[in-house]
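Chemist: Turn these sequences into a full structure, and let the hints steer you where they fit.
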Amino acid sequence: MRQELRALTGLRGAAAMAVALAHFKNAFPANAGAAFMWHNAVDLFFCLSGFTLSYVYSRDTFRFSDYLTARIARVYPLYLVCLISAGALYVWPRLIDPVTYPASRAALDFALQLVMLNGWPVIGTGMHWDAPAWSLSAEWFCYVALFPLLLFRNAPPTAAARFLGIVL
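Plus 485 on top of the position in the sequence shown (first one is 1) and you've got our numbering.
Each hint should be verified, as a subset may be incorrect.
Once the Cα atoms are required to be at most 20 Å apart in a straight line, the calculated SDA-like pairs of lysine to any residue come out as [said to hold, decoys possible]:
(1) K510 with W523
(2) K510 with S620
(3) K510 with N525
(4) K510 with V527
(5) K510 with W619
(6) K510 with A618
(7) K510 with A616
Simulated from the structure, these hints should not be mistaken for laboratory data.
Modeler: This is the structure in structure tokens:
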């Protein structure tokens with residue numbers, strides 16, 4: 486495995502900090518968003534993360550199972566704690582009124598969020614009990630659906646294009 490790119494890691498950290506601050510944007514003056522460029526920070530963070538992961542894992546001995554295990558170990562524990570906390574704070578009080586948020590809907594939302602599929606195209610509901618967690622569902626989609634393109638890095642371009650066409 487290649488070493489991390491420290492300069493890009495620092496830039497990713499700055500983008501992540503801008504994204505974190507964006508979740509508290511109501512505490513800032515109305516024009517602060519232009520200074521922080523919060524929406525651009527999300528795009529920058531995702532692009533740098535994708536490039537960094539591709540760089541680190543692009544080796545001849547790439548094993549998807551090792552890669553996926555490392556991604557789960559890094560992201561999922563804190564995600565699970567936040568999901569359970571958000572469920573207790575956000576959903577539990579709303580279950581008292583089954584008209585507004587029926588238990589069946591809450592169960593489906595919980596199941597999709599538990600396996601991080603809630604933000605995926607077609608199968609996701611788009612419901613996020615913990616609003617910032619949408620990005621982790623999007624990351625998970627990229628980890629599972631797009632990152633296997635590395636398996637085609639030495640194949641003819643048409644094989645990778647076919648795989649990408651199936652995924653998209």
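Chemist: Now tell me if each hint is right for this structure.
Modeler: Cross-check of the supplied hints:
A threshold of 20 Å between alpha carbons decides the hint, and for K510 with W523 the separation of about 9 Å falls inside it, so the pair holds. Between K510 and S620 the CA atoms are separated by roughly 17 Å; this keeps the pair inside 20 Å, and the hint holds. For the proposed pair K510 and N525, the alpha carbon gap of about 15 Å is at most 20 Å, so the pair holds. A distance of roughly 14 Å separates the Cα atoms of K510 and V527; the hinted pair therefore holds under the 20 Å criterion.
Of the pairs offered as hints, the one joining K510 and W619 holds, with about 18 Å between alpha carbons and a cut-off of 20 Å not exceeded. Between K510 and A618, the direct Cα distance comes to roughly 17 Å. Compliance with the 20 Å bound is thereby established for this hinted pair. Restraint check for K510 and A616: the C-alpha separation of about 14 Å stays at or below 20 Å, so the hint holds.
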